[in-house]
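Asks: Chain B: place on chain A using the hints.
Protein sequences appear in the order of chains A and B.
Residue 0 is where the first sequence starts when you use numbering that gives the first Met the number 0, and the numbers rise one by one after that.
Residue 0 is where the second sequence starts when you use numbering that gives the first Met the number 0, and the numbers rise one by one after that.
Simulated from the structure, these hints should not be mistaken for laboratory data.
A couple of the hints might just be wrong.
Stated by the list, open to error - Some residues of chain B that are not near chain A, with every Cβ distance over 10 Å (derived):
#1 20
#2 43
#3 62
#4 66
#5 79
#6 100
#7 103
#8 115
#9 195
#10 223
#11 225
#12 228
#13 242
#14 255
#15 261
#16 300
Claimed, not checked - These stretches of chain A come out as covered by chain B in the derived footprint (C-beta under 8 Å, 3 or more residues):
#17 199-209
#18 316-327
The beta carbon of each residue, even a glycine, is placed where N, CA and C say it ideally should be.
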Amino acid sequence: MSVVIENVRILDPADGFDAVGDLCVQGEEILARGSTPEGFEPRRRIDGSGLWLFPGLVDLAARTREPGEEHKATIASEARAAARGGVTTLVMPPDTHPPVDSPAVIELITRRAREACGVRVYALGALTHGLEGQQLAEMAALMRAGAPGVSNGQRPLASLLILRRALEYASTFDLTTVLSAQDPALTGSGCVHEGPVSTRLGLSGIPEAAETAALGAILALVEQTGARVHVARLSTRRGAEMIAKARSDGLPISADVAAHQLFLTEVDVAEFNPDCHVIPPLRSQRDRDGLRAAVADGSIAAICSDHQPHEADSKLGPFADTLPGIAALETLLPLTLRLVEDGLLSLEQALSRITNGPAEVLGLEHGRLAPGSRADFVLFDPGALHDIRREHWLSAGHNTPFFDWTFGGEVRETWVAGRPTWSRPGEDDA
Amino acid sequence: MTELPAAHTSRLPQPGPLPNRLQLTDEGQLRHMLTIEGLNRTLLTEILDTAESFANMNEKAVKKVPLLRGKTIVNLFFEASTRTRTTFELAAKRLSADVLNINVSTSSAVKGESLLDTLRNLEAMNVDMFVVRHEESGTAHFIARHAAPGISVLNAGDGRHAHPTQALLDMFTIRRHKGDFTKLKVAIVGDILHSRVARSQIHALNILQTGEVRVVAPRSLLPADVEQLGVHVHHDLDSGLQDVDVVIMLRLQRERMEHAHLPSEHEYFQRFGLTARRLQLASPTCLVMHPGPANRGVEIESAVADGPHSVILEQVTYGISVRMAVMSMVMGAHQS
Numbered sequence: 000m001s002v003v004i005e006n007v008r009i010l011d012p013a014d015g016f017d018a019v020g021d022l023c024v025q026g027e028e029i030l031a032r033g034s035t036p037e038g039f040e041p042r043r044r045i046d047g048s049g050l051w052l053f054p055g056l057v058d059l060a061a062r063t064r065e066p067g068e069e070h071k072a073t074i075a076s077e078a079r080a081a082a083r084g085g086v087t088t089l090v091m092p093p094d095t096h097p098p099v100d101s102p103a104v105i106e107l108i109t110r111r112a113r114e115a116c117g118v119r120v121y122a123l124g125a126l127t128h129g130l131e132g133q134q135l136a137e138m139a140a141l142m143r144a145g146a147p148g149v150s151n152g153q154r155p156l157a158s159l160l161i162l163r164r165a166l167e168y169a170s171t172f173d174l175t176t177v178l179s180a181q182d183p184a185l186t187g188s189g190c191v192h193e194g195p196v197s198t199r200l201g202l203s204g205i206p207e208a209a210e211t212a213a214l215g216a217i218l219a220l221v222e223q224t225g226a227r228v229h230v231a232r233l234s235t236r237r238g239a240e241m242i243a244k245a246r247s248d249g250l251p252i253s254a255d256v257a258a259h260q261l262f263l264t265e266v267d268v269a270e271f272n273p274d275c276h277v278i279p280p281l282r283s284q285r286d287r288d289g290l291r292a293a294v295a296d297g298s299i300a301a302i303c304s305d306h307q308p309h310e311a312d313s314k315l316g317p318f319a320d321t322l323p324g325i326a327a328l329e330t331l332l333p334l335t336l337r338l339v340e341d342g343l344l345s346l347e348q349a350l351s352r353i354t355n356g357p358a359e360v361l362g363l364e365h366g367r368l369a370p371g372s373r374a375d376f377v378l379f380d381p382g383a384l385h386d387i388r389r390e391h392w393l394s395a396g397h398n399t400p401f402f403d404w405t406f407g408g409e410v411r412e413t414w415v416a417g418r419p420t421w422s423r424p425g426e427d428d429a
Numbered sequence: 000m001t002e003l004p005a006a007h008t009s010r011l012p013q014p015g016p017l018p019n020r021l022q023l024t025d026e027g028q029l030r031h032m033l034t035i036e037g038l039n040r041t042l043l044t045e046i047l048d049t050a051e052s053f054a055n056m057n058e059k060a061v062k063k064v065p066l067l068r069g070k071t072i073v074n075l076f077f078e079a080s081t082r083t084r085t086t087f088e089l090a091a092k093r094l095s096a097d098v099l100n101i102n103v104s105t106s107s108a109v110k111g112e113s114l115l116d117t118l119r120n121l122e123a124m125n126v127d128m129f130v131v132r133h134e135e136s137g138t139a140h141f142i143a144r145h146a147a148p149g150i151s152v153l154n155a156g157d158g159r160h161a162h163p164t165q166a167l168l169d170m171f172t173i174r175r176h177k178g179d180f181t182k183l184k185v186a187i188v189g190d191i192l193h194s195r196v197a198r199s200q201i202h203a204l205n206i207l208q209t210g211e212v213r214v215v216a217p218r219s220l221l222p223a224d225v226e227q228l229g230v231h232v233h234h235d236l237d238s239g240l241q242d243v244d245v246v247i248m249l250r251l252q253r254e255r256m257e258h259a260h261l262p263s264e265h266e267y268f269q270r271f272g273l274t275a276r277r278l279q280l281a282s283p284t285c286l287v288m289h290p291g292p293a294n295r296g297v298e299i300e301s302a303v304a305d306g307p308h309s310v311i312l313e314q315v316t317y318g319i320s321v322r323m324a325v326m327s328m329v330m331g332a333h334q335s
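If we strip away everything but chain B, and leave its shape as in the complex, we get:
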């Protein structure tokens, strides 16, 4: 049989859009902050440098600048959060913006109002920025895609997908202590499978050309094909900690036991808990980090969480500067 006329060859499928198409302007400036994936080293460095200038200011007596005066920022949290919401709020206030906190357990979402309706109603109040946390992966992308053109969306955590400002404050903390990333070995330990923090950290570390990025976890807590994110996989904490310069511990949720990811907290701590003894395998100047809140005695021993290597509280402090940097940059992109 003859084939279809060659002149009428169908159009080939187009590859899907890269993450940048949504979150960057045509000039490459940050319009939204949805994910670290796809950003380049120059932009990440610019964010960290901007955060550095705010960090210096945050240590002074007067901690306020008028950069976002007259702007309205909505913290739209569909999931509980203390640290992240508070530091976003403080960051916005130090930039002189007006802040509206919408706590969803008391909002109309429980009355059956759709996410998009909630968004449209807030837009009608002429807000400038949404800071969104939601339990479903892709929510920040969804909101960014449907928000009015002048509105910026900052992802404060979506499902297991991304938590970009957390990763940035972690990079900021590492850079303050270690400087150059290219010589560093970094281990991320724990529940990688369910962790948006880990995904964003892995992207950020690789973009900043970190010497070696490791993940350490039992196979039941690792996502499929995780090596393709650019990490070395370890199932043994001792080998994973060998000579690392930074160890990032992830929080283990109690419900992991119910869904057969793990037998018990006890066994998890035996195999994957960070103790002072194990930390001796790492570099003598190793930083211990945790995005919080830590389960002491489950993934980390108190002696380590409160010990000389720990920078866990610094991470919280720097969260404010990093979020100020991101907020000022996305508003700048809209104004230019």
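Just chain A, with the same shape it has in the complex:
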């Protein structure tokens, strides 16, 4: 199929392209960006006047709950939610049931994704067998099956020696290792940030040092091994400063943050609100501002959803007994664009943190619009108002603290591989 979207504002943060013009799609690829080449005869023309067009979002952390927890969500249900949220590529952590420690699991995920709406689904390979933290997983086989990186999810490794060996082995194959910085003993049974709110509510706190102590060990081993590491879901100002320092020292390290960490703080836990139960926890205002600053200066290269859909029962109980996580695929783009409104980021920077920024972390080719790229993009209506409403929600998980928030701008269409996978209801021209 050949299509041209005309008179649309094209934004490609990968190279700073920002102009009103045409985007030409030939088959699954972008043929031209800006003006229509001589002799291109599209089968279809779409008027993009007043709309924006930018690369489809690349989300470094979205749990689909499949395989193993299909009572919470499935690849099909969450791929739809992703498309609605403008996400065209999502990366699953390896902590499915069974975990992604064999090529067969990746093949299953790939097959289910193919049967879904078209959104690209990757799974990180397990760093250790069964994510048990002891024996290395067969990373080369996982890579050959399609894993763009390896990770142990939030599960701890048995020792720093295992971490060292895992980094050395993964880097043999030029695989990026995705690590969460959480010291298991300091985290303990904690469920909120250790501070005034944990004290007031009598909940077990997770101290800042749970992140910074683990991060210190990771940085020492990155320096020792030279392996490329991506630190997932930073939650503290101090952690972000450590990453910035390490990067300026030239270490091959990058980091991301969950979008909710840039908006909510420990105070939002208020009276035991289980929708604000996340790990790592919502921290202080100071931490939130530090994370925002790190997103602005680029030391945090990616904002992810950290999507964790749950069935209602998982959130019904006393706070510490509820399961952590927010269903967030549909709020990643609106929250990120809120940072533009807040004056923190330029539009180009904001888009970069959810497109080419995360793509580059794992060496994925997505998240850009240059000719020859995959035609994965979002047609966005900047003039619309977008209410986050339960009745319009597509994820199977309804666990979000963002219901009834209103955002400026709305996804009108999401395209993957040259075809629309989602259109706003009422847009029947797609």
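Replies: Just chain B now, kept in the frame of chain A:
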């Protein structure tokens, strides 16, 4: 690059609900008793005054009034308790309510029934009030949020969070002996970190405008940023006891040694145990209180626990009056 249109500025995040939104009616009456935090001085004084009238009655030969006749109160205890459960039961009976005691070690919770299922089943029996104790902080809030509109929830202790009726009976005891709170110095000594009693006491003392509230403990038994609750922190018992009018000793659980909060009971008693000798640093009329059960020789010497300054048994007695006051007030709020 241009920014998003200003006209479409997103809605700002709302601050979380204050504790009162759940436990007070729109008219400011007590609907549930979940936490002391956020209540005002007038309401606390009203509870203490109501408790005073019941205390006078409890000293008479006929100790029963028909205020809650026909009401059914469920004591739902997921954690062992003797004093608290018994005094709640007595309080309910003296108000002429029917009382159902549900002991969870023999209930369906061990069969995997969820907390909410247990609650729904009891609600289906048309009960009027739950008295809840649970090991997880926030359980009373959770139950209050999900209970049917006519049902009141009284928190009889949730995790480390709150034990409001204990704090109220402590305030009642202090008021009976001391009157005005504004001139008092009160020290709470021991395991503040794990204590729901301490948290509720600190809120209550501050709401009643106590002159000075101190906490005395090693740093490993103090929660983060504890000063923000409105207390002065002491790590030395001698300085913490200096001139205090009330000293409240907290129970030290044996398992604190296993989790590296403390080296030994012996060292704890040496540094933080209340002895007759140390008590001399306090005001000569100092009250010694303990929410019980006391570990004699660990946090308190027997000579002090049983000594002339001790009001530990009075606390138990007054627990009945205070719980009668709270029960009658929450049922009143529902009826009005």
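Asks: Evaluate each hint against the coordinates.
Replies: Hints and how they fare:
Listed as outside the interface, residue 20 of chain B is inconsistent with that label: its C-beta sits roughly 8 Å from the nearest C-beta of chain A, within the 10 Å cut-off. Chain A leaves residue 43 of chain B outside its interface by the beta-carbon criterion, the shortest separation being 18 Å against a cut-off of 10 Å. In this structure residue 62 of chain B is separated from chain A by more than 10 Å, as the shortest Cβ-Cβ distance comes to about 34 Å. Listed as a non-interface residue, residue 66 of chain B keeps its Cβ farther than 10 Å from every Cβ of chain A; the least gap is roughly 30 Å.
A cut-off of 10 Å between C-beta atoms confirms that residue 79 of chain B is not in contact with chain A; the least separation is 18 Å. For residue 100 of chain B, the requirement that its beta carbon stay farther than 10 Å from each beta carbon of chain A is met, with the minimum near 21 Å. No beta-carbon of chain A comes within 10 Å of the beta-carbon of residue 103 of chain B; the shortest separation is about 14 Å. Under the 10 Å C-beta cut-off, the non-interface status given to residue 115 of chain B relative to chain A is violated; the minimum distance is some 6 Å.
Not every Cβ of chain A is farther than 10 Å from the Cβ of residue 195 of chain B; the closest lies at roughly 6 Å, contradicting the non-interface assignment. For residue 223 of chain B, the condition that its CB be more than 10 Å from all CB atoms of chain A is violated, with the nearest at approximately 5 Å. Not every CB of chain A lies more than 10 Å from the CB of residue 225 of chain B, the least distance being 6 Å, so the non-interface label is violated. At the 10 Å boundary, the C-beta of residue 228 of chain B falls inside the reach of chain A, the nearest C-beta of that chain being 7 Å off.
Annotated as non-interface, residue 242 of chain B keeps its C-beta farther than 10 Å from every C-beta of chain A; the closest such distance is 27 Å. Non-interface status of residue 255 of chain B relative to chain A is upheld: no Cβ of that chain comes within 10 Å, the nearest being about 15 Å off. Every beta carbon of chain A lies more than 10 Å from that of residue 261 of chain B, the smallest distance being close to 17 Å; the non-interface claim holds. The beta carbon of residue 300 of chain B is kept farther than 10 Å from every beta carbon of chain A, the shortest such distance being approximately 29 Å.
Evaluation of the coverage hint for the stretch 199-209 of chain A: fulfilled, as 6 residues show C-beta separations to chain B shorter than 8 Å, against a requirement of three. Figure legend: the stretch 316-327 of chain A, annotated as covered by chain B; annotation consistent (5 residues with Cβ-Cβ distances under 8 Å, at least 3 required).
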